[in-house]
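Protein chains in written order, with UniProt numbering: chain A, 1 to 448; chain B, 1 to 448.
Just so you know, not all the hints are guaranteed correct.
Each pair may be met inside one copy or between any two copies, as identical chains are not told apart.
Here are the simulated DSS-like cross-link-like pairs (lysine-lysine), alpha carbons at most 27 angstroms apart as the crow flies [unchecked claim]:
| id | residue 1 | residue 2 |
| --- | --- | --- |
| 1 | 376 | 394 |
| 2 | 376 | 429 |
| 3 | 429 | 21 |
| 4 | 13 | 25 |
| 5 | 376 | 106 |
| 6 | 9 | 21 |
| 7 | 394 | 429 |
| 8 | 68 | 394 |
| 9 | 18 | 106 |
| 10 | 25 | 14 |
| 11 | 106 | 394 |
| 12 | 411 | 429 |
| 13 | 68 | 429 |
| 14 | 25 | 73 |
| 15 | 376 | 411 |
Calculated directly from the structure, the hints in this document are not laboratory data.
Number of protein chains: 2
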Amino acid sequence: MAKDSDTPKSEIKKLKKKLRKLRGKLKDLRKETSAKPAPQVSPLAPTEFPELPPLAGVQFSALAAGVKYQGRKDVMLAKLDAGSTVAGVFTRSATRSANVLDCEAKIGIDSSEGAAIIVNSGNSNAFTGSAGDGSVAAICEAVASATGLPAERVFTSSTGVIGVRLPHDRITSKVQDLVDTLSPDGIMGAAEAIMTTDTFAKLSTTEVDLDGTKVRINGIAKGSGMIAPDMATMLVYIFTDAAVDREPLQAMLSRLTDATFNSITVDGDTSTSDTLLMAATGQSGATPITSLDDPHAAAFEAGLRTVMMDLAHLVVKDGEGATKFFEVSVTGAADDADARLVAMATANSPLVKTAIAGEDPNWGRIVMAIGKSGAKADRDEITIRFGDILVAEKGWVAQSYTEEAGAAYMKQPELVINVDLGLGDGAAKAWSCDFTKRYIEINADYRS
Amino acid sequence: MAKDSDTPKSEIKKLKKKLRKLRGKLKDLRKETSAKPAPQVSPLAPTEFPELPPLAGVQFSALAAGVKYQGRKDVMLAKLDAGSTVAGVFTRSATRSANVLDCEAKIGIDSSEGAAIIVNSGNSNAFTGSAGDGSVAAICEAVASATGLPAERVFTSSTGVIGVRLPHDRITSKVQDLVDTLSPDGIMGAAEAIMTTDTFAKLSTTEVDLDGTKVRINGIAKGSGMIAPDMATMLVYIFTDAAVDREPLQAMLSRLTDATFNSITVDGDTSTSDTLLMAATGQSGATPITSLDDPHAAAFEAGLRTVMMDLAHLVVKDGEGATKFFEVSVTGAADDADARLVAMATANSPLVKTAIAGEDPNWGRIVMAIGKSGAKADRDEITIRFGDILVAEKGWVAQSYTEEAGAAYMKQPELVINVDLGLGDGAAKAWSCDFTKRYIEINADYRS
Numbered sequence: 001m002a003k004d005s006d007t008p009k010s011e012i013k014k015l016k017k018k019l020r021k022l023r024g025k026l027k028d029l030r031k032e033t034s035a036k037p038a039p040q041v042s043p044l045a046p047t048e049f050p051e052l053p054p055l056a057g058v059q060f061s062a063l064a065a066g067v068k069y070q071g072r073k074d075v076m077l078a079k080l081d082a083g084s085t086v087a088g089v090f091t092r093s094a095t096r097s098a099n100v101l102d103c104e105a106k107i108g109i110d111s112s113e114g115a116a117i118i119v120n121s122g123n124s125n126a127f128t129g130s131a132g133d134g135s136v137a138a139i140c141e142a143v144a145s146a147t148g149l150p151a152e153r154v155f156t157s158s159t160g161v162i163g164v165r166l167p168h169d170r171i172t173s174k175v176q177d178l179v180d181t182l183s184p185d186g187i188m189g190a191a192e193a194i195m196t197t198d199t200f201a202k203l204s205t206t207e208v209d210l211d212g213t214k215v216r217i218n219g220i221a222k223g224s225g226m227i228a229p230d231m232a233t234m235l236v237y238i239f240t241d242a243a244v245d246r247e248p249l250q251a252m253l254s255r256l257t258d259a260t261f262n263s264i265t266v267d268g269d270t271s272t273s274d275t276l277l278m279a280a281t282g283q284s285g286a287t288p289i290t291s292l293d294d295p296h297a298a299a300f301e302a303g304l305r306t307v308m309m310d311l312a313h314l315v316v317k318d319g320e321g322a323t324k325f326f327e328v329s330v331t332g333a334a335d336d337a338d339a340r341l342v343a344m345a346t347a348n349s350p351l352v353k354t355a356i357a358g359e360d361p362n363w364g365r366i367v368m369a370i371g372k373s374g375a376k377a378d379r380d381e382i383t384i385r386f387g388d389i390l391v392a393e394k395g396w397v398a399q400s401y402t403e404e405a406g407a408a409y410m411k412q413p414e415l416v417i418n419v420d421l422g423l424g425d426g427a428a429k430a431w432s433c434d435f436t437k438r439y440i441e442i443n444a445d446y447r448s
Numbered sequence: 001m002a003k004d005s006d007t008p009k010s011e012i013k014k015l016k017k018k019l020r021k022l023r024g025k026l027k028d029l030r031k032e033t034s035a036k037p038a039p040q041v042s043p044l045a046p047t048e049f050p051e052l053p054p055l056a057g058v059q060f061s062a063l064a065a066g067v068k069y070q071g072r073k074d075v076m077l078a079k080l081d082a083g084s085t086v087a088g089v090f091t092r093s094a095t096r097s098a099n100v101l102d103c104e105a106k107i108g109i110d111s112s113e114g115a116a117i118i119v120n121s122g123n124s125n126a127f128t129g130s131a132g133d134g135s136v137a138a139i140c141e142a143v144a145s146a147t148g149l150p151a152e153r154v155f156t157s158s159t160g161v162i163g164v165r166l167p168h169d170r171i172t173s174k175v176q177d178l179v180d181t182l183s184p185d186g187i188m189g190a191a192e193a194i195m196t197t198d199t200f201a202k203l204s205t206t207e208v209d210l211d212g213t214k215v216r217i218n219g220i221a222k223g224s225g226m227i228a229p230d231m232a233t234m235l236v237y238i239f240t241d242a243a244v245d246r247e248p249l250q251a252m253l254s255r256l257t258d259a260t261f262n263s264i265t266v267d268g269d270t271s272t273s274d275t276l277l278m279a280a281t282g283q284s285g286a287t288p289i290t291s292l293d294d295p296h297a298a299a300f301e302a303g304l305r306t307v308m309m310d311l312a313h314l315v316v317k318d319g320e321g322a323t324k325f326f327e328v329s330v331t332g333a334a335d336d337a338d339a340r341l342v343a344m345a346t347a348n349s350p351l352v353k354t355a356i357a358g359e360d361p362n363w364g365r366i367v368m369a370i371g372k373s374g375a376k377a378d379r380d381e382i383t384i385r386f387g388d389i390l391v392a393e394k395g396w397v398a399q400s401y402t403e404e405a406g407a408a409y410m411k412q413p414e415l416v417i418n419v420d421l422g423l424g425d426g427a428a429k430a431w432s433c434d435f436t437k438r439y440i441e442i443n444a445d446y447r448s
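Looking at chain A on its own, in the form it has when it is part of the complex (with noise of 0.2 angstroms):
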């Protein structure tokens, strides 16, 4: 406030005085910080979504129940005809969620029976003591009295914060609602209901041909923080309706896990209600795959394969704070497993991947991961490539590398680190985001 003695000109030079200074401050602090609106969706998420066309044998639903908030979808239902397989693969955490535990122990049994999945989000059922088997068992039950299907054939899951009890009721009295409003194309209602901290739906799909007969895999995933290999990695679902006795298709989701949801990391660490489910309907008429020997098994299992390299690539571009999308291609290990080794150092390592968030071609840092992944390698025998600039050979960094090159190919969205160790046959590929101060910001106020 002016003081009474101040004439008008001396107030219009102190105010100006105190804009500038104002104006000063206000520069420094948004250097300081170089502070953007937190994006709202991830800035590598695709452009657009595709079409994922229904499936014989397959409906969804989904609503919002307020598990935990209010206002949005956080519960799906997948109803599966009779005459459906069902496989799965799970986190192999030590402190898996009852949910898990109960698929865990439906899931290796033959039934002609149909079946159904329903998950929701807003709380993972994890940690909550025998509340927690309770609820997977009240909500089971809910859903088989609502479908007629026996409840060893209901599959949940839940996926949130730990440790707070699941206030299933919520769910159990919109089981009616889900199985009355089942659609075949409500699968893209079903992949926004299981978002967390997820900033898009993760939907992928492809028509594989068998002689002659187009069978289709669809599938949605959730998943952008607590992203680490162990078995599977977040909540995925995949349906198709190919004909795929439950043996091979287990066996098939197994061996492609590896390369794929096991292949990619967001922060190192693994949930404790990591499931994949795949279902199989039957209904697309094409011949009935019965054994991994079956003359149309590896086409079938090259799409499942297409589909699931997809949709867990689109799980790390919504990484939390992710802004670049990078791959480790490493070759030349001594055998696969030591290819796997520093690919997935290189690809969890913090100060890798803060260089890669500050676009610096700090190459030294992969050099370093390369080191302490417990991997077989030699100093002179290690290659290293941004995409296909060669970056260091022999050793040292290569004569030809100039740190413009390199600084211009990090500004990239989408980055490929090139290892070659020298050494042998071992090829192994990781898939990872850099981390950012929005990572940091994301997980310091996720619960309070």
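Mind docking chain B on chain A? Use the hints.
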């Protein structure tokens, strides 16, 4: 600028409006980023540095050689009298630096001659091909020539950026100056010269009474990023005037490393240059320790443990961007190895570390870390405490636990997370710091 048509009053009004607007913007921006000026010194730094009294038989010097930056001390020399023994522990990284390889080759040799340790910061001389080996040889020759020691008794370390040729001429041209300025009181300067992104010098000292004769142990350390347990971590130099034969000295150093430097982590990344060197001058007059079974060996080892633990904790307290220091104390594991798995998985988890940064008592993430650790665990046997506060037991949150108590506890700068697995007698501790935006800032910009 005021327009000519403006009256003083309307100008005042406009200026005040602008001021209000700017103030609002400033407030919003501050809120959005909760920007505080980057601390010059870690908030966890000790409030005073210990006095390190001189030790008979060892002298220090340090100066600015301009290895990377101008005008700051970046080279230190320690010279040990004839009769000193030297022991060491080094990184197991497969891409360890030329200096580490050279030290490893020299460390296991008994010698009655003196020794020298020369260390530079600003450049790690790692992944610099055969030029790196040449740099080490040149530095060792220069020190040997200026001190009269054989080159085999000169130990070198380099810390800083990886993959850039070490301009060793800048160091060798200063060696005579270093030798000329050696002083028994020079250890503080030495501790400063080895700093890179460290915000304070790390020193520790203790006195041990060996049956009436006092011996002293002095130590210095550097390290604040690329810190994770793998043999020795970071750079540590410890000196004593006790007389300890090389073999028991090496044995003590190696076995104490596991519970000290190998039990701390800042980011899970392992440097290519990690080095721990220890020298005993034997000039205290105390009875020499010739084997681990000697009557004074246990007392000396206890003193050494104190200094090593102290330095290890100081390294974590200067972790890049750290605002909290935490201990993970695991008991009740099936065995010690399992306890260590849980302690390190928790101490390394980005989700645990960001929760601590956010002062969020998110104990579910500790359950997650236990689960992913690979250790044997039974959900219903796990007990978790924050300090003395019982948080979870019997597979669920404890009845007595309140979120308020947990949140109040998390506000402290130093925290203890107690995990009892309820399975056996295995126990282990690990120490870590929180994971903040400042870590990202430091590491996204370190090199460029």
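Status of each hint after checking the structure:
For the identical chains of this complex, residue 376 and residue 394 are intra-copy neighbours only, at 16 angstroms inside a copy versus 43 angstroms across copies, given an alpha-carbon limit of 27 angstroms. For the homomeric pair residue 376 and residue 429, the shortest alpha-carbon distance inside one copy (17 angstroms) is at most 27 angstroms, but the shortest distance between copies (29 angstroms) is not. In the homo-oligomer, the alpha carbons of residue 429 and residue 21 never lie at most 27 angstroms apart, since the shortest distance is 52 angstroms inside one protomer and 50 angstroms across protomers. With identical chains, the CA atoms of residue 13 and residue 25 are at most 27 angstroms apart both within one copy (18 angstroms) and between copies (22 angstroms).
Taking the shortest Cα distances, residue 376 and residue 106 sit within 27 angstroms of each other only across copies (24 angstroms), while inside one copy they are farther apart (41 angstroms). Taking identical chains as interchangeable, the C-alpha atoms of residue 9 and residue 21 lie at most 27 angstroms apart whether they share a chain (18 angstroms) or sit on different chains (22 angstroms). In this homomeric assembly, residue 394 and residue 429 come within 27 angstroms of each other (Cα to Cα) only inside a single copy, at 22 angstroms, whereas the closest approach across copies is 40 angstroms. For the identical chains of this complex, residue 68 and residue 394 are inter-copy neighbours only, at 24 angstroms across copies versus 56 angstroms inside a copy, given an alpha-carbon limit of 27 angstroms.
In this assembly of identical chains, residue 18 and residue 106 lie within 27 angstroms of each other by CA distance neither inside one copy nor across copies; the values are 70 angstroms within and 65 angstroms between. In this assembly of identical chains, residue 25 and residue 14 lie within 27 angstroms of each other by CA distance both inside one copy and across copies; the values are 17 angstroms within and 20 angstroms between. In this homomeric assembly, residue 106 and residue 394 come within 27 angstroms of each other (Cα to Cα) only across copies, at 25 angstroms, whereas the closest approach inside a single copy is 53 angstroms. In this assembly of identical chains, residue 411 and residue 429 lie within 27 angstroms of each other by CA distance solely inside one copy; the values are 22 angstroms within and 41 angstroms between copies.
Proximity of residue 68 to residue 429 under the C-alpha cut-off of 27 angstroms is found in neither arrangement, the shortest distances being 37 angstroms within a copy and 36 angstroms between copies. Neither within a single protomer nor between protomers do residue 25 and residue 73 lie at most 27 angstroms apart by alpha-carbon distance, with minima of 42 angstroms and 34 angstroms respectively. Neither within a single protomer nor between protomers do residue 376 and residue 411 lie at most 27 angstroms apart by alpha-carbon distance, with minima of 31 angstroms and 44 angstroms respectively.
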